[in-house]
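Trainee: Below are the chains, spelled out letter by letter.
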Amino acid sequence: MARRIKIPATKYPVERFTLDNGLRVVLTPDRSAPVVGVAVVYDVGIRSEPEGRTGFAHLFEHLMFQGSENLEKLAHFRHVQGAGGTFNGSTHLDYTDYFEALPAGALERALFLEADRMRGPRLTEENLLNQIDVVKEEIRVNVMNRPYGGFPWLKLPPVMFRTFANAHDGYGSFGDLDSATVDDAQNFFDRYYACGNATLAVAGDFDVATATEMIRRHFGDVPARPAPERPDFDEPDLDGERRDTYTDRLAPLPGVASAWRVPDPISSFQDYLPFVVLAEVLTDGDASRLVERLVQRDRTVTSIGGYIGFMGDEFQVRNPTALLLQAHMPPGGDAEKVLRTVDEELDRLAADGLRPGELERTQARIATHLLRDTDAVLGRALPMAVLELQRGRPEMLNELPKLVGEVTEAQIVAAAATLRPERRATVEVLPGATA
Amino acid sequence: MSTKSLPDLIPDAKLKLPREAERTIAGGLTVIAIRRPAVPLVELRLRVPFGKTPLPRATLLSQALFTGTGTMTSVDIAAELQTVGGGLSAGLDPDKLLISGNSLASGLDRMLEILAAVLTDPAYPNDEVGTERDRLIDHIQVAQSQPAHLARTALLKRVYGKHPYAIQTPEPEQVRAVRPAQLRALHADRVRPEGAVLVLVGDINPEKAIDAAEKALGSWTGPAKDGRIPPAPPLEPGPLLLVDRPGSVQSSLRMALPALERTDPDYAALQLANLVFGGYFSSRWVENIREDKGYTYGPHTGIEHFAAGSTLMVAAEVATEVTGPSLLETLYELGRIASLPPGEEELEQARRYALGTLRLGMSTQAGLAGLASMYAGFGLRLDHLREYTAALSSATREQVAEVASRFLAPAKAVTVVLGDAEKVQGPLSALTAVERGAE
Chain A
1 MARRIKIPAT KYPVERFTLD NGLRVVLTPD RSAPVVGVAV VYDVGIRSEP EGRTGFAHLF
61 EHLMFQGSEN LEKLAHFRHV QGAGGTFNGS THLDYTDYFE ALPAGALERA LFLEADRMRG
121 PRLTEENLLN QIDVVKEEIR VNVMNRPYGG FPWLKLPPVM FRTFANAHDG YGSFGDLDSA
181 TVDDAQNFFD RYYACGNATL AVAGDFDVAT ATEMIRRHFG DVPARPAPER PDFDEPDLDG
241 ERRDTYTDRL APLPGVASAW RVPDPISSFQ DYLPFVVLAE VLTDGDASRL VERLVQRDRT
301 VTSIGGYIGF MGDEFQVRNP TALLLQAHMP PGGDAEKVLR TVDEELDRLA ADGLRPGELE
361 RTQARIATHL LRDTDAVLGR ALPMAVLELQ RGRPEMLNEL PKLVGEVTEA QIVAAAATLR
421 PERRATVEVL PGATA
Chain B
1 MSTKSLPDLI PDAKLKLPRE AERTIAGGLT VIAIRRPAVP LVELRLRVPF GKTPLPRATL
61 LSQALFTGTG TMTSVDIAAE LQTVGGGLSA GLDPDKLLIS GNSLASGLDR MLEILAAVLT
121 DPAYPNDEVG TERDRLIDHI QVAQSQPAHL ARTALLKRVY GKHPYAIQTP EPEQVRAVRP
181 AQLRALHADR VRPEGAVLVL VGDINPEKAI DAAEKALGSW TGPAKDGRIP PAPPLEPGPL
241 LLVDRPGSVQ SSLRMALPAL ERTDPDYAAL QLANLVFGGY FSSRWVENIR EDKGYTYGPH
301 TGIEHFAAGS TLMVAAEVAT EVTGPSLLET LYELGRIASL PPGEEELEQA RRYALGTLRL
361 GMSTQAGLAG LASMYAGFGL RLDHLREYTA ALSSATREQV AEVASRFLAP AKAVTVVLGD
421 AEKVQGPLSA LTAVERGAE
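Chains as they are written, first to last, in the numbering used here: chain A, 1 to 435; chain B, 1 to 439.
Please note: incorrect hints may appear among the correct ones.
[Claimed, not checked] Distance windows between CB atoms, simulated: (1) Ala143/B / Arg420/A: 32 to 38 angstroms; (2) Glu173/B / Arg355/A: 21 to 27 angstroms; (3) Leu129/A / Arg179/B: 57 to 63 angstroms; (4) Lys402/A / Ala181/B: 45 to 51 angstroms; (5) Ser32/A / Lys423/B: 51 to 57 angstroms; (6) Lys14/B / Gly220/A: 32 to 38 angstroms; (7) Ile10/B / Ala414/A: 50 to 56 angstroms; (8) Gly332/A / Asp264/B: 51 to 57 angstroms; (9) Met144/A / His300/B: 17 to 23 angstroms; (10) Arg355/A / Ala26/B: 34 to 40 angstroms.
No wet-lab data here; the hints were simulated from the structure.
If you're wondering where the values come from, they're calculated on a predicted model, not measured in any experiment.
Here a beta-carbon is modelled for each residue, glycine too, at the ideal position from N, C-alpha and C.
Chain A extracted, bound-state conformation (with noise of 0.2 angstroms):
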């Protein structure tokens, strides 16, 4: 019944320097395919974000491609794109990635344009008015024009978080997007986009040697800055459960979203692991404690999910941080017998164990989606520039389905018992929709 199959790992290999100036180099190296990716990462995110500028972390994003020392506006898309490859940006809690996927050739070229902007962009008045329209249309599209915009992202933080850095909209409001000035956007790339606070990671097929090279001759002159200090941006756990609801009126079925902090995933590593599996265990597939439970056998949801990290990132973030639950419910669905079995089962969870052969499924089901997102250059570059920036080992993206493969049932266990209705921060979602 419990056949183990063996859990395997990649081998990626891993080279890490520091230039003169701060900035922090991973290179992993891969030939089984002609492409490289490319990935910058600034240590500041949303949480970063000052009292009245509510967005700005994500709006500077957008004005990181505007142009920069060497390069007008519209020039970085163009050469990126021009040279076979694609580009994006992300802004998440506690950092700031800029990426592209390239044809190998290109590497040079990504390089330069990627330390063009690291030494400054180029931020005038006109693109910034320009990309606040950009931003609410972005808005309008992902929250305010579509139902269930924003949850539980954006909605869950401000029930669970008491400080302004954790419970606030990351997206922003058009009030405080409006207000954004230059002057604001040159005083954040100041203080954050030093390269002391930012790591470069390169993966795919290249020369270790060439590569090296490259990255000295176009890195090397970036001014060095040192890195600010990073508030630590922990509050106290919850005293008491806490609860809110909205109606959503283009929503035409009801929803609910539950969080419960989970340790440091840097500083308590050990601790906070089982949580990633367990939020697998309670949700991933069918054969998973609540979608067996809730949707096969009460049909009380039509889905659940659950994972960490209010952007799903469980890798990549900081302390404070959430495993969530979210579930959609049929119509009159009801958003309080739902908490209630949660509940249940996460008591039988904590009081009777797993059942034989639960763990090692699901371990082996993490480790085929580790892997699979590690094929890719930026499954590769990405997580590696973060997991240096934030831990300093890059090369953890190997051992991470080893990691998984180690968690024992007694943590699980442990873990659920942790999940109790009075540490639970809960937001429903009401339908305002005429079905």
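Guided by the hints, dock chain B onto chain A, whose structure is given.
Mentor: Relative to the frame of chain A, chain B by itself:
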């Protein structure tokens, strides 16, 4: 400020295709196995032709395919797959049922066994089908509250008229009427190996993987029904169709233009014309309405291929107050690409993007699996990439201009706007004839 110059590109190495094998196994299934050992996994795609199936039943079948077999419950199936790090799911489009999944490479045999049980011994248990039916109905209801879904639904109806492609999502009440016995009958009738293609990509020995597929799936037999769909009708341009969504803070602008199928000698030139117009970020249309005007966040265009016809789709969500100006700029950019040849440099840029992103698409197991399966649906194999890259490399400005004049002309577009009609009808009517959709 120092001036630095952009580094040159090192030209791409010759296109290298991965090692693969292909065989039609006992029972009639075609199996393509491709080796990419970079990570110790295997990707699986099985496409089963599913044209001319009744939409509500076919949709529920795709949702309920893994609910049980003669010997396994839905939980058993999921647990057994997980044991080898595996997972399978099914999806439907008007041409096919597509089963997708992956597992640890060492679990391939077991994943194939479970797949075989699902294909040859399906139970469609009443209870589980009932659960999936209710979930599907809820899911459709949620989809119907999403502007992108509503706009696409209106566009498909306008484009395809009475053709089967016109409706691709069933109504909730139609799904409610489907019985488990009908799924069993549809499965027996149409989930058959003839004409189906299984693609396996990963850390595998291609020949051995096909042997494993034959061992597991050799007993899956049966003739294919004729599922061929009649050719899609030509587009009939007419007034802009305005569908009201009161209170909408954005308008969903959609256009359909004619297009060529993948094997047409002019297809590469059309793809390049599409890119120059709006098919990637550094296109004229995106640079105009996003980076210059700030009207929108993620405008995109692309050629959509179905077995019975291809269409070039244009899509943007724009702020309600700039709906008219957004249409104006879109018509302008279409008119420009249809009337004047592209510049030398912008064509080179689009060409390199097309060639480069093909290589990126081939650089992962999942990318190769998707590409090989999609090509197989059109009777093509991965070696078509050689022909296609050669055509992309050699297309001239004149060829691109010529296809653009035939396919990207604004006069040929079918246009739908979903938005707050009270606010946008006036501005849109200033530019073109507008008719209101049924509400």
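Trainee: Next, verify each hint and record whether it holds.
Mentor: Against the structure, the hints come out as follows:
no.	hint	in the structure
1	Ala143/B / Arg420/A: 32 to 38 angstroms	holds (36 angstroms)
2	Glu173/B / Arg355/A: 21 to 27 angstroms	violated (40 angstroms)
3	Leu129/A / Arg179/B: 57 to 63 angstroms	holds (58 angstroms)
4	Lys402/A / Ala181/B: 45 to 51 angstroms	holds (48 angstroms)
5	Ser32/A / Lys423/B: 51 to 57 angstroms	holds (53 angstroms)
6	Lys14/B / Gly220/A: 32 to 38 angstroms	holds (34 angstroms)
7	Ile10/B / Ala414/A: 50 to 56 angstroms	holds (53 angstroms)
8	Gly332/A / Asp264/B: 51 to 57 angstroms	holds (52 angstroms)
9	Met144/A / His300/B: 17 to 23 angstroms	holds (20 angstroms)
10	Arg355/A / Ala26/B: 34 to 40 angstroms	holds (38 angstroms)
In summary, the structure is inconsistent with hint 2 from the numbered list given earlier, while agreeing with all the others.
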